[in-house]
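Q: From first to last, the protein sequence lines are chains A and B.
Take the first sequence: its letters are residues 1 to 612, numbered as in this note's numbering.
Take the second sequence: its letters are residues 1 to 102, numbered as in this note's numbering.
Don't read these hints as lab results, they were simulated from the structure.
Ideal Cβ placement from N, Cα and C applies to all residues, glycine included.
Honestly, I wouldn't trust all of these hints.
As the list claims (entries may be wrong) - Here are the in silico distance ranges between beta carbons for each label pair:
1. Ile26/B to Ala360/A: 38 to 46 Å
2. Asn348/A to Ala50/B: 22 to 30 Å
3. Leu80/B to Thr46/A: 45 to 53 Å
4. Asp78/B to Ser406/A: 19 to 27 Å
5. Asp379/A to Thr27/B: 35 to 43 Å
6. Thr27/B to Val361/A: 28 to 36 Å
7. Thr409/A to Thr55/B: 44 to 52 Å
8. Ala165/A to Thr27/B: 20 to 28 Å
9. Asn467/A to Ala50/B: 37 to 45 Å
10. Leu80/B to Ser455/A: 49 to 57 Å
11. Arg94/B to Thr423/A: 25 to 33 Å
12. Thr57/A to Asp78/B: 52 to 60 Å
What the hints assert, rightly or not - Calculated cross-link-like contacts (lysine-lysine; reagent style PhoX-like; alpha-carbon spacing at most 25 Å):
13. Lys59/B to Lys38/A
14. Lys5/A to Lys43/B
15. Lys3/B to Lys38/A
16. Lys51/B to Lys15/B
17. Lys3/B to Lys85/B
As a plain string of letters, each chain reads:
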Amino acid sequence: MASYKETKGTAIINYTTANSPAVVEGQLWYDSTNANFKYEYPAVTTVGSWRTGANTTKPASANRGNGTQGIQTAALATGGTTGGAPGRFADVENYNGTSWTEVNNLNVAKQLAISIGTNTATLVAGGNTGSALATTESWNGTCFSEVADLNSAKSTGTGTGGATAGLAVGGTPTPTNANCEIWNGSCWAETNNLNSGRYALSSAGTSTDGLVFAGSPEPAGVALTEKWNGSSWSEVADLNLARLQPGGAGTSSSAALAFGGLNGSSYKNETEQYNGTSWTELNNLNTARFAVGAAGSTTAGLAYAGSIPGGDTQATEEWNVGLPIGAWSTGGSLNGAKQQMGQAGLQNSALAFGGETSTAVTVTETEAYNGTSWTEVNDMNNAFYRMGGAGISGNTAVLSFGGRNSGNTVQNNTESWNATSWTAVNTMNTARDIMGDAGTGNTSALAFGGDSGGSQLAITELYNGTNWAEVADLNDSRSDLTGFGIATSAIAVGGFSPPNTANTELWNGTSWTEVNNINTARQEMSSAGVDSTAGLIFGGDGAPPRTAKTEEWNGVSWVEVADLSTARAYMNGGAGTSTAGLAFGGETATARTAATEEWSSSTVTRETISTS
Amino acid sequence: MAKTYQYCVAENWGKGFIDHVESQRITFVSFPGNIWQVPAYNKHGNLWIAKVGGTLKTKDEAQVIVDAVITSAQNAWDSLPDDEKAPEVETNKRPTDIILEE
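Given these sequences and hints, build the entire structure.
A: Spelled out as structure tokens, the structure:
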């Protein structure tokens with residue numbers, strides 16, 4: 001029999017579990033620690049999806065450039081309109097993957113221009129100021145300057161390529177709407193026309209390998225697609241959906257994305273991808289729109305602004321393929337079922353303290369998790385539940401604050417855990433329970449919101465290792481929220497305001513700012529995360545009363561990911577990170593639970609060879 | 001009608017009951033009475049049921065088990081003193097019925 005080396009060209013490598021990360025996809029290797037064979041493969045999404053990004057700064061802007069301007073993490077929005085033609089503007093915004101920033105304006109306010117390039121080198125050609133323009137402006141990363149005009153004025157055309165080699169295609173006025181011009185870095189020259197003249201079309205690719213699709217006539221638009229090979233156009237497969245002014249992204253004639261658009265009076269959110277042969281329908285935009293700005297590729301695209309029913313939008317959405325596929329697996333169960341205990345720590349080093357084991361029965365129990373099982377350790381001084389908990393470095397330095405006793409009286413007590421025992425320390429200024437919590441542990445913590453005994457709070461308090469001090473309030477008073485992060489970088493999520501809220505606020509060490517909401521409003525969920533740039537929320541009480549829903553925060557927006565296997569609420573607090581979270585205890589549809597689940601999100605799945 | 005889900009009774013023993021790879025491959029949903037729902041006609045679902053020693057139940061059989069646990073919990077809640085049924089703390093709500101899907 002041939003050896004593994006003879007068939008695969010490589011011998012089976014012997015690793016310990018500790019040094020195994022060097023393994024590659026498809027390679028069989030021997031795990032000498034566990035005495036078995038393993039292999040691994042990518043665990044990433046292969047079908048793209050949209051998630052919200054930061055809004056553009058310009059209120060209600062649309063028609064911000066037809067063509068692809070940059071990549072998902074470095075894009076440019078140029079000109080546009082607010083409220084239709086009278087509101088044309090010259091504003092330009094730069095996107096860095098996190099936020100939009102205003103930069104130097106165009107020389108002339110315009111809409112419906114052809115915009116191609118990157119956020120450091122872009123051409124804005126043609127457009128409309130009441131009539132079609134032939135002028136071209138060039139962006140050098142800092143400012144725009146006028147360069148050579150188009151040979152024919154164009155509005156509502158599209159373009160491919162960039163600032164040194166580009167193509168301007170179609171547009172109005174209609175007598176010349178099959179016209180194409182090619183840019184060589186200095187001037188425009190007429191080249192072969194489109195087969196089907198049109199305006200309101202979109203595009204992807206370069207000046208030598210491009211694709212245009214959709215477009216006029218109104219009102220329904222067309223599905224026609226044409227491929228440019230550097231010298232001529234040929235018709236290829238149609239879009240599945242005819243439309244006007246979709247967004248277009250992609251790097252070549254065989255890798256293009258079309259999204260949004262207008263079909264009659266219907267605003268579309270459909271996304272289609274072209275693979276060089278045909279268009280395939282994929283996940284929709286969250287916000288249906290047309291005249292949408294676009295950037296990026298078929299694996300990392302960007303949609304921004306656009307026209308929506310009744311106005312224009314600032315909404316940005318990011319298209320991604322290849323994201324880690326996270327999932328929950330079961331962990332060791334708590335020694336006793338309980339809800340609303342304090343929670344802190346990491347996935348393999350967490351602490352559960354206090355809680356309620358049955359109605360009005362609160363406990364002082366503390367349990368420590370080592371990644372496999374929970375062990376009872378020394379009790380708290382007070383039998384409370386619904387406390388806040390801080391601790392992101394494991395189960396050795398944790399702070400418990402506030403809570404409620406079995407007599408339903410809210411508390412301001414604070415206890416500090418030093419890996420061995422609990423010690424009472426200085427109390428909070430405001431007694432409360434079911435608050436949001438964050439912090440590194442027993443030397444630094446943040447408490448925000450909560451219930452003072454019938455009233456929702458906005459009060460935030462900061463613990464410095466010795467005392468609590470009031471700092472800036474939340475924008476929205478609420479209880480039953482969750483939070484994650486540290487004293488200088490935290491997130492407050494959801495809760496009961498009343499009613500249940502989806503509101504999210506970001507703490508920067510000084511003040512709270514409202515950011516994008518969670519997808520499902522709820523209260524009494526749990527969370528994981530060590531700063532405001534990445535986190536998870538899971539479970540909660542909303543609709544249905546006990547949910548398994550999990551949402552992931554990337555610093556800008558929330559997206560739904562894989563559910564818990566056991567739907568539950570009232571876990572309280574949370575532990576772990578955005579890629580290694582921990583859910584434990586809480587209440588299911590019928591009873592308190594001891595179940596633990598571990599969230600893992602990585603780009604690789606590693607499997608063990610077994611006979612099953 | 002083709003089934004979407006299959007059900008089994010299995011007790012969650014903790015670590016390893018559902019591992020990360022299994023959870024990536026299929027969706028697990030737990031219900032009262034140690035009822036677990038996994039996709040029907042699915043190799044990974046079948047392998048997992050075998051691994052955990054799950055006892056297969058039809059949807060109707062599983063529904064009976066779920067109903068029994070919920071009814072018991074509802075009866076327990078109904079027998080609580082009024083002040084505990086509408087407590088200041090809102091966690092203790094009357095359990096609601098759950099309908100399993102085919």
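Q: Next step is simple, just say for each hint if it's right about the structure.
A: To see whether the hints hold, each was checked on the structure:
1. In this structure the hint that Ile26/B and Ala360/A lie 38 to 46 Å apart at CB holds, the actual value being about 40 Å.
2. A hinted range of 22 to 30 Å holds for the C-beta pair Asn348/A and Ala50/B, which are about 29 Å apart.
3. Between Leu80/B and Thr46/A the beta carbon distance is about 51 Å. The supplied range of 45 to 53 Å therefore holds.
4. A beta carbon spacing of about 22 Å between Asp78/B and Ser406/A agrees with the range 19 to 27 Å that was offered as a hint.
5. At roughly 38 Å, the beta-carbon separation of Asp379/A and Thr27/B lies within the given 35 to 43 Å, and the hint holds.
6. Thr27/B and Val361/A have their C-beta atoms about 34 Å apart, which keeps the hinted 28 to 36 Å range intact.
7. Between Thr409/A and Thr55/B the CB atoms are about 46 Å apart, so this pair conforms to the stated range of 44 to 52 Å.
8. Checking the proposed 20 to 28 Å range against Ala165/A and Thr27/B shows it is violated: the Cβ atoms sit about 48 Å from each other.
9. A C-beta distance of roughly 57 Å is found between Asn467/A and Ala50/B, which places it outside the suggested range of 37 to 45 Å.
10. Between Leu80/B and Ser455/A the C-beta distance comes to about 26 Å, which lies outside the given range of 49 to 57 Å.
11. A beta carbon spacing of about 40 Å between Arg94/B and Thr423/A contradicts the range 25 to 33 Å that was offered as a hint.
12. With their beta carbons about 56 Å apart, Thr57/A and Asp78/B fall inside the hinted range of 52 to 60 Å.
13. For the given pair, Lys59/B sits about 37 Å from Lys38/A by alpha-carbon distance, which is inconsistent with the 25 Å threshold.
14. At roughly 31 Å between alpha-carbon atoms, Lys5/A and Lys43/B are farther apart than 25 Å, so this suggested pair is violated.
15. For the given pair, Lys3/B sits about 34 Å from Lys38/A by alpha-carbon distance, which is inconsistent with the 25 Å threshold.
16. Between the alpha carbons of Lys51/B and Lys15/B the distance comes to roughly 13 Å, so the proposed pair stays at or under 25 Å and holds.
17. For a cut-off of 25 Å, the pair hint linking Lys3/B to Lys85/B is broken: about 39 Å separates their Cα positions.
Checked against the numbered hints given earlier, the structure breaks hints 8, 9, 10, 11, 13, 14, 15 and 17 and satisfies all the rest.
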